[in-house]
Amino acid sequence: MAGEKRKGLQLLDFWVSPFGQRCRIALDEKALPYEYLEQDLGNKSELLIRSNPVHKKIPVLVHDGRPVCESLIIVQYIDEAFSSSSSLLPSDPYARAQARFWADYIDKKVYDCGTRLWKTKGEPQQQARKEMVEILKTLEGALGDKPYFGGDEFGFVDVAFVPFTAWFLTYERFGEISVEKECPKLAAWAKRCGERESVKKNLSPPEKVYEFIATLKKKFGIE
Amino acid sequence: MSQPETVKLINAFGSPFGHRAEAALCVKGVPYELILEDLGSKSELLLKHNPVHKFVPVLLHGDRAVAESIVIIEYIDEAFEGPPLLPADPHGRAEARFWAQFIDHKFSRPFWLSFWMEDGPRKEAFVKEAKENLALLEGQIKGRRFFGGDDIGLVDIAAGGLARWVGVFEEVAGVRVMSDEEFPDLCQWAERYVSHESVNKCLPSRGELVALYSSWKEMYMQVAKVKFSS
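So the protein sequences, as listed, match chains A and B. Sequential numbering of the first sequence, starting at 1, is according to UniProt numbering. Sequential numbering of the second sequence, starting at 1, is according to UniProt numbering.
If we strip away everything but chain A, and leave its shape as in the complex, we get (with noise of 0.2 Å):
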């Protein structure tokens, strides 16, 4: 590619997309300035092409002119790239593996059945609320009593669930999920993670992600 390497951070994103906060939250934890690129998904840019030709997906960070893709690999390169604040992982292997082992099963399972939620409707629907309460009774047991995932700091499996609880109302209105009821020491520890700066800068509005869903639906011709 003729030209010279952007230098700094730009993050190529889309504004409702959890996958995307993660990243932002990273950054902002890290104090790092970046250029935020709000992309059209349903009309691709080339520079997202070009930098994720694999999976023409965001986020994207390009870091000096180099792409780094998939959200959770790239909150682990901003831990690393950028080690002279704050960690966001712990520096203990075992304590490392934990933090990787449940950020994978957020990635495995939240997403995915969080959709099913919104998107079907009689049996497939009230299978995905089954499943969604396991998963958050799951991840409520991991987090136990303690004030963050990773202990007494915010970490990377906090960040990597904080985004959803902006999808907390959707589940509840679409998918009649209580997570105030179901799990309430989960709803404890999103409030307590709402009142950090940078999830707060970063999350979508609540009643806002409902309001996308509800025209996604429409789109789909899901009543």
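Simulated from the structure, these hints should not be mistaken for lab results. Heads up, a few of these hints could be off.
[To be verified] The calculated PhoX-like cross-link candidates involving lysine-lysine, where the alpha carbons are at most 25 Å apart (straight line), are:
| id | chain 1 | residue 1 | chain 2 | residue 2 |
| --- | --- | --- | --- | --- |
| 1 | A | K108 | B | K48 |
| 2 | B | K106 | B | K123 |
| 3 | A | K109 | B | K227 |
Based on these hints, arrange chain B on the given structure of chain A.
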């Protein structure tokens, strides 16, 4: 220095995911005790140490249990001395994690369905998808000895299933997905991987795996039929 803690690996014979954990231990030079699980009748040990997924592999290091094969590889890299499985620079590490995740997410399903589904257009679509993913890996290995560079790394170990298991499934199912005409560099990498002295120690032989998966063929085909019957 205190006594090194015991390392045990709960695996099931023939599991490509379990192999990842064994290969990482062997490349790193970590002695371990292998505990083979009967997945038809899961042990208390497995259920206690991986209550969330109830899958193999699970690494037991002293009193610590680590589950999920890619998580285990990174743990082994960080907890033990030995040749590094990831590069030192953050961008190189991000690249390695990206490709390990790609392999983890994009290979299992289309490959499994390519092998065990009934013949027809849907099976052909999965074969096409599997080959598209292989083409991306072919692009990555070109000009390199291993994905990790001069020696085996995270991506090589994550891709280990391609080096041994794909050939086995091809033989058992009678479906060709990874030919050396279409994927010459990848097939040469596969040869280097299975011949590597550390991998060789812990890799089940092709014959043993063919026998095992032949005995499961009917069951797999039934499962594929049920999943795609509607």
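Results of checking the hints against the structure:
1. Of the supplied pair hints, the one linking A/K108 and B/K48 holds, its CA atoms being roughly 21 Å apart against a limit of 25 Å.
2. Restraint check: the Cα-Cα separation between B/K106 and B/K123 comes to about 16 Å, which is no more than 25 Å; the hinted pair holds.
3. Restraint check for A/K109 and B/K227: the C-alpha separation of about 20 Å stays at or below 25 Å, so the hint holds.
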